[in-house]
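*Asks:* Sequence:
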Amino acid sequence: MNSFVKYQIKISDSFQFVKVNFVKIALGLLLLERVYFYIFAQHKLYQWLDYIIEQILAITR
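Okay, so the sequence shown: first residue is 0 according to numbering that gives the first Met the number 0, each after it adds one.
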């Protein structure tokens, strides 16, 4: 019984860890996306990439 409780606590701890890290990763990706946007906004490359992505989505839709 005691080991089962320990096991459950371990699972909830690791789940909490994953949840926190997932939030950090998501925020990090958003930040990266912002940075890339600001870098590429200086050039026309970003619009070009955007256009290509739009075309790919249109084809796969």
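For the record, the hints were derived by calculation from the structure and aren't laboratory data. Bear in mind the structure is a predicted one, so any value in this text is a computation, not a measurement. Some clues are possibly wrong.
In silico DSBU-like pairs for lysine-lysine, Cα to Cα no more than 30 Å straight-line [unchecked claim]: (1) 18 x 5; (2) 23 x 5; (3) 9 x 23.
Label-pair ranges, simulated between beta-carbon atoms [what the hints assert, rightly or not]: (4) 29 x 57: 45 to 51 Å; (5) 32 x 11: 29 to 35 Å; (6) 13 x 57: 37 to 43 Å; (7) 56 x 7: 25 to 31 Å; (8) 8 x 50: 34 to 40 Å; (9) 56 x 30: 20 to 26 Å; (10) 11 x 34: 50 to 56 Å; (11) 6 x 48: 30 to 36 Å; (12) 10 x 36: 54 to 60 Å.
We put the beta carbon where it would ideally sit given N, CA and C, even for glycine.
*Asks:* Just pull the numbers of the violated hints for me, sorted ascending.
*Replies:* 4, 7, 8, 10, 11, 12
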